[in-house]
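In the order they appear, the protein sequences are chains A and B.
Those letters in the first sequence? Residues 104 to 396, per the numbering used here, in order.
Those letters in the second sequence? Residues 528 to 764, per the numbering used here, in order.
Accuracy of the hints is not assured; some may be wrong.
[Claimed, not checked] Below 20 Å or equal to it, Euclidean Cα-Cα: the simulated EDC-like pairs (lysine to aspartate or glutamate) are:
#, chain 1, residue 1, chain 2, residue 2
1, B, LYS594, A, GLU227
2, B, LYS656, B, GLU666
3, B, LYS681, B, GLU602
4, A, LYS194, B, GLU588
5, A, LYS194, B, GLU593
6, A, LYS270, B, GLU622
7, B, LYS594, B, GLU610
8, B, LYS594, A, GLU384
9, A, LYS296, B, GLU599
10, A, LYS270, B, GLU602
11, A, LYS296, B, GLU602
12, B, LYS679, B, ASP638
13, B, LYS594, B, GLU646
14, B, LYS681, B, ASP540
15, B, LYS584, B, GLU622
16, A, LYS194, B, GLU666
Hints were generated in silico from the structure; no laboratory data involved.
Every value quoted in this text rests on a predicted model; they were computed, and no experiment measured them.
Residue-level listing of the chains:
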Amino acid sequence: MSWQVFAQSLLFGIFVGGLYGLAAVGLSLVFGVMKMLNVAHGELLMLGGYATFWFFSLYHIDPFLSLLPSAFILFLIGLGLYKGLFSPLAKLHEEMKIKNSLLIGFGLSLIFHNLAIRLWTADERSVSVLYSGWGFSLFGLRFPFIRFSGLVLATIVILALHQFLTKTYFGKAIRATTENWESAALMGINIEKTSMISFALGAALAAMAGTIVSIGYAIHPAMGLEWTLKALIVVVLAGLGNIGGAFVAGVLLGAIESASTLFVGPYMEVVGLIIFLLVLELRPQGLFGKSMG
Amino acid sequence: MLEIEKINVSYGDLQALWDISFKVEGREIVALIGPNGAGKTTTLKSISGLLRPFAGKIKFEGLAMEKMAIHERVEMGISLVPEGRGLFPGMSTLENLEMGAFTAKGRSCKDETLEQVYELFPILKNRKKQAAGTLSGGEQQMLAIGRGLMSKPKVLLFDEPSWGLSPLLSKVIYEVIGQINHSGVTILLIEQNVRTALELANRAYVVENGRIVNQGDSKQMLNDQHIREAYLGTESA
């Protein structure tokens, strides 16, 4: 195998890994603040993808432009889901909270999955824009325009999120709540409101990932589970609640999976899971997480 | 200013507080003393809203507070410097202080209060960009107190401010608590070191097994036979 084949598949892995990262960041944000695991995160990503698909098919809105409207729709759906389903769990003990959130999440994912089949059929769809064939070459490597811009866009979203979390008062309140919610409440931070906004923000981030997936790849009603799984692997790799690390870990997972196809072919999915188990066993705080003392 | 009327608190089936009642007047320093597990921390947590009494009343400046959310009590002027400091370890010293000023009132005079906190604890200014988790124990306690001041509280609750500190540092912390009180902030504190607490406070309540068993002027308590034997480790004078 030439180095070029290897480098090219590594590059494609990085492109898709950026999306793993973006999907994981939303999950991580929600877990950090609420200590709840929303396993319907992948379905929210799927809905975001469909939102972009329909914006394009019905109104001819360029998918890159529908990133924000799609995110906004999922933000509102996130608000509704939090108010209706997740907010009553907030008062529970930590262990009960995570167990119940898993049950609700599994139920939600079934509902969204089947709703999507009913409404939009089980067909695979993707947004095919006029410029989908564009691309450029660099060092003998092929950079398809839509995948490359997908990664750039994902990076911009993460940087914007980082700015929000480190520079604004509300963003800092989200981080404070993640670190110690009791102390955060003692500072006068409204935990209920912070949780609600964080959950909706997590849904919006899922939608943005879904949008980018619908442009460079394909969407279908059953895609949720695989994306939740990827996001979970990445979150564990990065360390629970570690938002910056999640993006890096996503890119890393994408690159490793993609490079491993050259060696183990169709078993690339297994590689991710093996890494997941190894990290859980050897470094449960995550690659970038701090040891819990 | 702060009136606690017959509060009862339980953890599941286990009742921790039984009809606890006491008062703190404006500008006072009041100490709660008693053995470990007596219910002192539970009392402070009930006042700040981290725990909900199943019976009893908590009034602050005449207003019933027992139904209010934690953050609403902070807005009203009650601030707790919690047990074990409760810092945000991954956030910088400055960010921790900023979080202290999260309330509308705190935010409106943030820069001014920040200067006052730096005046009390100059070391915090040098450490402002450093993650709180990397500070020394003494610096962390200073940060926790500074952060508690940032909301411009009317009453500041301290849960074991000298926890884990050397006697020398404890003395510094206690001097600062005195200064904070002089500037007009009412103080309610819990302390393992009973002598230090009684020397600083105006009045004290003794909590044992979830009940208030004794109360009085703290200077008189220093000479009280029972207190001396049980808490100060000295024979009668």
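Hints, verified against the model:
Distance hint between LYS594 (chain B) and GLU227 (chain A) is unfulfilled; the C-alpha atoms sit about 52 Å from each other, more than 20 Å. This hinted pair checks out: LYS656 (chain B) and GLU666 (chain B) have alpha carbons roughly 13 Å apart, not beyond 20 Å. The suggested pairing of LYS681 (chain B) with GLU602 (chain B) holds, with an alpha-carbon distance near 10 Å, which does not exceed 20 Å. Proposed proximity of LYS194 (chain A) and GLU588 (chain B) is contradicted: the alpha carbons are some 28 Å apart, above 20 Å.
With a C-alpha separation of about 17 Å, the suggested pair LYS194 (chain A) and GLU593 (chain B) falls inside the 20 Å cut-off, and the hint holds. For the suggested pair LYS270 (chain A) and GLU622 (chain B), the alpha carbons sit about 10 Å apart, so the restraint of at most 20 Å is met. Distance hint between LYS594 (chain B) and GLU610 (chain B) is unfulfilled; the C-alpha atoms sit about 23 Å from each other, more than 20 Å. For the hint pairing LYS594 (chain B) with GLU384 (chain A), the CA-to-CA distance comes to about 45 Å; that exceeds 20 Å, so the pair is violated.
With a C-alpha separation of about 13 Å, the suggested pair LYS296 (chain A) and GLU599 (chain B) falls inside the 20 Å cut-off, and the hint holds. Among the hinted pairs, LYS270 (chain A) with GLU602 (chain B) is inconsistent with the structure: their alpha-carbon atoms are about 23 Å apart, more than 20 Å. At most 20 Å may separate the alpha-carbon atoms for a hinted pair to count; LYS296 (chain A) and GLU602 (chain B) meet this at roughly 15 Å. Of the supplied pair hints, the one linking LYS679 (chain B) and ASP638 (chain B) holds, its CA atoms being roughly 12 Å apart against a limit of 20 Å.
A distance of roughly 37 Å separates the Cα atoms of LYS594 (chain B) and GLU646 (chain B); the hinted pair therefore is violated under the 20 Å criterion. Between LYS681 (chain B) and ASP540 (chain B) the CA atoms are separated by roughly 34 Å; this puts the pair beyond 20 Å, and the hint is violated. Distance check on the hinted pair: LYS584 (chain B) and GLU622 (chain B) sit about 35 Å apart at the alpha-carbon level, beyond 20 Å; violated. The straight-line distance between the Cα atoms of LYS194 (chain A) and GLU666 (chain B) is roughly 33 Å, outside the 20 Å bound, and the hint therefore fails.
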